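Novice: Sequence:
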Amino acid sequence: MIKKQNFRKWEWALLLSLLFTLALGACWPEEQESIQSKVTRLHVLANSDSDEDQAVKLKVRDAVLERATETLRGADSQTEARRRLTDILPELEETARAVITANGYDYSVRAELAETSFPTKEYDGFALPAGEYLALRVLIGEAAGQNWWCVVFPPLCTAAASDVPAVALDAGLTDQEVALITEADEGYI
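Each step along the sequence shown adds one to the number in this note's numbering, with nothing skipped, and position 159 is 159.
Worth double-checking, as some hints may not be accurate.
[To be verified] Below, in silico cross-link-like pairs of lysine to aspartate or glutamate (EDC-like), each with a Cα-Cα straight-line distance of 20 angstroms or less: (1) K121 <-> D163; (2) K59 <-> D106; (3) K59 <-> D49; (4) K121 <-> E132; (5) K59 <-> E115; (6) K59 <-> E132; (7) K59 <-> E70; (8) K59 <-> E93; (9) K59 <-> E91; (10) K59 <-> E142; (11) K121 <-> E177.
[Said to hold, decoys possible] Derived Cβ-Cβ restraints for the label pairs, each shown as a range: (12) D62 <-> L89: 16 to 22 angstroms; (13) A55 <-> P90: 23 to 29 angstroms; (14) A166 <-> G104: 38 to 44 angstroms; (15) T120 <-> L169: 18 to 24 angstroms; (16) T86 <-> E66: 14 to 20 angstroms; (17) D175 <-> E94: 23 to 29 angstroms; (18) T174 <-> A144: 35 to 41 angstroms.
Just so you know, the hints here were simulated from the structure itself, not pulled from any lab data. Predicted, not measured: the structure shown is a model, and the values here were computed from it. We put the beta carbon where it would ideally sit given N, CA and C, even for glycine.
Just need the whole structure built from these sequences, with the hints factored in.
Specialist: Following this line, the structure appears as structure tokens:
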């Protein structure tokens, strides 16, 4: 005689949790790719790890970020952001070069748009999953020092943590994508 198994409540809870986790895991890669196709990051690499080079990197970051943010105002897609940034790459290089020269250095500088691999990163009020993102990269001198990055489109580098959802929605992210990056849906942490 075969004895019928009765599941206990905790076994059902465990089974449902496992199924939920598997279903959620299957959805995240699609959401991750969707977010990556809507976001452009700013990536500034210092010449070296010396205190002086790191300080110059931050000054370059501020100047480039100000110009890029101004240029991207009103952009409504990553495609539009890419076009606008491509148009001003020489100007961004010149902006960075002026900061470097004003600080007494003669490092070369290169500004480019490139698909770049980033690890999962927590920012103030949101997080982005690891992956390949379009990045506005500013390489100073040897570009062998610590780097700095944020999200230039939508303009989350300068958004207060409380503004992140509105800025992201205005740039075309969905409610679900915003919930993921702001951890309202357990995020990417």
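Novice: So the hint says 35 to 41 angstroms: do the beta-carbon atoms of T174 and A144 match that?
Specialist: 39 angstroms, holds
Novice: For the range 23 to 29 angstroms, tell me whether the beta carbons of D175 and E94 fit it or not.
Specialist: Check failed, 40 angstroms falls outside 23 to 29 angstroms.
Novice: Is K59 close enough to D106, meaning Cα to Cα at most 20 angstroms?
Specialist: 15 angstroms, holds
Novice: For the pair supplied as a hint, K121 and D163, confirm whether the alpha-carbon distance does not exceed 20 angstroms.
Specialist: 18 angstroms, holds
Novice: For the range 38 to 44 angstroms, tell me whether the beta carbons of A166 and G104 fit it or not.
Specialist: With Cβ atoms ~41 angstroms apart, the hint holds.
Novice: Does D49 lie within 20 angstroms of K59 when you go C-alpha to C-alpha?
Specialist: 15 angstroms, holds
Novice: Is 16 to 22 angstroms a correct range for the gap between the Cβ atoms of D62 and L89?
Specialist: Given a distance of about 18 angstroms, which is inside 16 to 22 angstroms, the answer is holds.
Novice: Does 23 to 29 angstroms hold as the CB distance between A55 and P90, or does it fail?
Specialist: Holds: the Cβ-Cβ distance is about 25 angstroms, inside 23 to 29 angstroms.
Novice: Would the pair K59 and E91 pass a check requiring their Cα atoms to be no farther apart than 20 angstroms?
Specialist: 16 angstroms, holds
Novice: Given the hint that K59 pairs with E115, test it: the Cα-Cα distance must not exceed 20 angstroms.
Specialist: 24 angstroms, violated
Novice: Would the pair K59 and E70 pass a check requiring their Cα atoms to be no farther apart than 20 angstroms?
Specialist: 17 angstroms, holds
Novice: CA of K121 to CA of E177, is that 20 angstroms or under?
Specialist: 15 angstroms, holds
Hint compliance for this structure: hints 5, 6, 17 are broken, all remaining hints hold.
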